[in-house]
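Novice: Sequence:
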Amino acid sequence: MFVFLQSSLSESSKEEQAKLFQAGQGGELHPVMCVDKRLDELSAFSALVAEAQNMEQDWQIVLIGCLSGANGNFPSSDEAEQPLMKMVQAVQNGGDLSKYLAFDKNGTLLQFS
Numbered sequence: 001m002f003v004f005l006q007s008s009l010s011e012s013s014k015e016e017q018a019k020l021f022q023a024g025q026g027g028e029l030h031p032v033m034c035v036d037k038r039l040d041e042l043s044a045f046s047a048l049v050a051e052a053q054n055m056e057q058d059w060q061i062v063l064i065g066c067l068s069g070a071n072g073n074f075p076s077s078d079e080a081e082q083p084l085m086k087m088v089q090a091v092q093n094g095g096d097l098s099k100y101l102a103f104d105k106n107g108t109l110l111q112f113s
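Going left to right, the sequence shown walks through residues 1 to 113 as the working numbering numbers them.
Don't take every hint at face value.
Calculated pairs, SDA-like style, for lysine to any residue (alpha carbon to alpha carbon, straight line, at most 20 Å) [unchecked claim]:
1) Lys105 with Met55
2) Lys86 with Ile61
3) Lys37 with Ala102
4) Lys105 with Leu42
5) Lys105 with Ser12
6) Lys105 with Leu5
7) Lys105 with Asn93
8) Lys86 with Tyr100
9) Lys37 with Phe2
10) Lys37 with Gly72
11) Lys105 with Gly72
12) Lys86 with Val32
13) Lys86 with Gln6
Simulated from the structure, these hints should not be mistaken for laboratory data.
Could you put together the complete structure from these sequences and hints?
Specialist: This is how it looks when you write it as C-alpha cells:
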C-alpha cells in the first residue's frame, strides 16, 4: 500500500520553522494520492516513481505499508481498502507514522521525529 504525500508550510509557522522547511525539514504532510499494489505488480522503486509522476500530482514522500495474504494468495484491493484509508487518516490526523516505511523520490529512507 502506498500513500503519496506532499509537504507544505503552515500559514501560522514562525520564521525558524520556515527556515527549517526551506532546508527540507519540518512542515505539514498531506496525502495527495494512494494506491494498493501487489508485489508482482512492482519491478523497482524507480518504476513506482515513474508511474506516480504520470498521475501529475506533486509529491515528496511515499509511505509504504504491507498486508499479508492468506493461503498463498495476495490480498485483494477490497481487503487493502480499509488499511489504506487508515494510513491516509493517520497522516491527516497527525497520527503515528513510525509503523510505515517512508521514502523520498530518490529512494532515500526517511525517519519521522
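Novice: Run every hint past the structure and note whether it holds.
Specialist: Evaluated hints:
1. Lys105 with Met55: holds (14 Å)
2. Lys86 with Ile61: holds (17 Å)
3. Lys37 with Ala102: Satisfied, since the Cα-Cα distance of roughly 16 Å is no more than 20 Å.
4. Lys105 with Leu42: holds (16 Å)
5. Lys105 with Ser12: Not OK: lysine 105 and serine 12 at ~27 Å, beyond 20 Å, violated.
6. Lys105 with Leu5: holds (11 Å)
7. Lys105 with Asn93: violated (24 Å)
8. Lys86 with Tyr100: The hint holds at about 12 Å.
9. Lys37 with Phe2: holds (8 Å)
10. Lys37 with Gly72: The hint holds at about 16 Å.
11. Lys105 with Gly72: Since the Cα atoms of lysine 105 and glycine 72 sit roughly 31 Å apart, the hinted pair is violated (cutoff 20 Å).
12. Lys86 with Val32: holds (15 Å)
13. Lys86 with Gln6: Given that 20 Å is the threshold and the Cα spacing comes to 17 Å, the pair holds.
Hints 5, 7 and 11, counting from the list given before, are not met by this structure.
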